[in-house]
Amino acid sequence: MAEPRFSILTPTYDTPADVLAAMLESVRKQRFGDWELCLVDDCSPDPEVVRTLERAAAGDPRIRLQRREANGGIVAASNDALAMARGEFVALLDHDDELHPDALAHVDEALLREPRADYVYTDEDKIDRDGHHSGPFFKPDWSPERMRTQMYTCHLSVLRRSLVEEVGGFDPAFEGAQDWDLVLKVTERARAVAHVPRVLYHWRMLETSTASGEVAKPWAYEAGKRAVQAHCERIGLQAESERDVADFGVYHLRPRLREQPLVSIVIPTAGGRREVRFEDTVLVSHCVRSIVERSSYPNYEIVCVLDASAPPEVAGELEAIAGERLRLVPYDRPFNFSEKINAGAAASQGEHLVLLNDDVEVATPDWLERMAMYSSLDGIGAVGAKLVLQDGRLQHAGVRFEKGLPGHPFHGYRGDYRAYGNAVCVAQNCLAVTAACLMSRRELFEQVGGLDPAFPVNYNDADYCLKLHRLGQRSVYDPDLLMVHFESSSRSSEVEDWEKRLLQERWLPLTAVDPYSNPNLRHEMPRPTSPFAWRRRRLRLRRRRAKGQLV
Amino acid sequence: MTGGDREELLREIERRDAEIARLRDLLLAKEAELGEALGRLREMEDVFRAMMGIAARVPGAMRVTAGGLRRLGSRRRERNGG
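Residue numbers (our numbering), protein chains in the order written: chain A, 1 to 551; chain B, 1 to 82.
Everything labelled a hint here was simulated from the structure, so no lab data went into it.
Hints are not guaranteed to be accurate.
What the hints assert, rightly or not - Straight-line Cα separation of at most 20 Å, DMTMM-like style, residue types lysine to aspartate or glutamate; simulated pairs: (1) A/Lys225 <-> A/Asp171; (2) B/Lys30 <-> A/Asp416; (3) A/Lys225 <-> A/Asp247; (4) B/Lys30 <-> A/Glu279; (5) A/Lys217 <-> A/Glu207; (6) B/Lys30 <-> A/Asp391; (7) B/Lys30 <-> A/Glu207; (8) A/Lys29 <-> A/Asp125.
Given the sequences, and given the hints that come with them, work out the whole structure.
And the structure:
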């Protein structure tokens, strides 16, 4: 028999008969036929399981069965299934779950579109014993930073077999989180990763499965923490993995920096005042005081780009607060945020630059460590923070693009809002983050020419991050880095039409569909219109095929 | 002003400062509570808007379904020679 395109790996153990039959049927019903199913029974005590598996293997030559002599656990059984596999790719299917009939067909299409992909994953939902579907999880495209704080790709995962074997298959050291560990190892070496934004895997909620909640497999989440830690050490990310106290599927990274390079914090300011917590305050003084009083990072300088029109006492006040850390750069031209940032960056010396608005207050003491942790990693261009308004509501949790224009999802929601798929409380990649608080390596900032003065007020940050994106540098949102933003205190938040046009002219079609969102979501809320839209698309395709426009 | 009056005045200012700080803290707490409520309201508004979007599509979806059913029915009748 020739090598099949896909080997489906399914270890079985004491699977309920109806659920096992449904799993087997979902594989047999695949529209794409070039597959083999590698079943390994891990010594199930129930003889009905073996009988069902034997019947299935006897009825279809593509179904192959192996029985273990002794129970070895999920990792040993998965490795046995991997050893049986002959396919170019391996697809991981749990014994109590189901595949959508089009699952392999769509994965194959994705691989034809992106032949370099070594890992493909799809969207998924949950299914109960009676076959009722719920909780669809519409995922973003490949987001390496999210993968370190949430095993979001989960099911269906399809990996190039040669690469799986190269990394040593399933590691028994991470039993319970062996899939996460494997995907991390494979994606460290993968040339490309593809995502199919369709629900093609149905994860069964049984009392014994992880889909039903933490109590089912508490050790799996500890194994997950260790898998992330090992991954951080392999790639040189100076961080320690921690579990979330509220949600068992969420993890956090705490910085553990070995070096503390100089960081330059660039703050453009006109020395404006406003009421902060019911007190009349000079914003930049408040900002600098919060940096000096709260930051735990020792090696930083503050570069204030001060308008000539600023009240004369502001400079003295800043010097009194920041002392020798302060560098003042005078600015006497009409307001242009980009120019002011570029002037401040030119006058600074740090290896990393922080672009900071003067109406921001530091809330997280290790904010600079957190930013440096990400910024020091190859492939990361910009790091952004979680910003909240004075009353605690969300202001920024990463930027999302719709029709070429950037927006702040969940703006105005309560500060502890976790969002669909925990999107606000896991680290993740975005096309852009706000320059109200943004860190970049100096070399990258200079390589892309800093912020573009063609955007004097709005969108300079989006444009900057997109320039980095074009260089292959990712932007990261860190939810554990909290800042208070007294938003648009000095300038109007209105965006002019010409600014929108300029950004769209530059960056469409790249920003037409945000890769870090999902076509089935709008503002991160499940969009119930999508199934209709999907059907319409399929109908259109069928009509075009019927007319002979498509082969 | 005598020394005693001055001390009394300073004590009074101190008392008032402490009261202002207490009231400001109260205001901050109330502002955070209000923020929480406004945030929840914002979420609910978004969900409501999404639901209204679905509701607006129901008549259209029903028309499409009814049309489909009619077509199916007429085809069946044709097949049955009716």
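Against the structure, the hints:
With a CA separation close to 14 Å, the supplied pair A/Lys225 and A/Asp171 stays within the 20 Å bound. For the hint linking B/Lys30 to A/Asp416, the alpha-carbon distance of about 17 Å falls within 20 Å, and the restraint holds. As the CA atoms of A/Lys225 and A/Asp247 are separated by approximately 13 Å, the hinted pair is consistent with the 20 Å bound. Distance check on the hinted pair: B/Lys30 and A/Glu279 sit about 16 Å apart at the alpha-carbon level, within 20 Å; holds.
Restraint check for A/Lys217 and A/Glu207: satisfied, since their Cα atoms lie roughly 10 Å apart, inside the 20 Å limit. Our distance criterion of 20 Å between C-alpha atoms is met by B/Lys30 and A/Asp391, whose separation comes to about 9 Å. Between B/Lys30 and A/Glu207 the CA atoms are separated by roughly 43 Å; this puts the pair beyond 20 Å, and the hint is violated. Taking the CA atoms of A/Lys29 and A/Asp125, the gap is about 19 Å. The hint holds against a cut of 20 Å.
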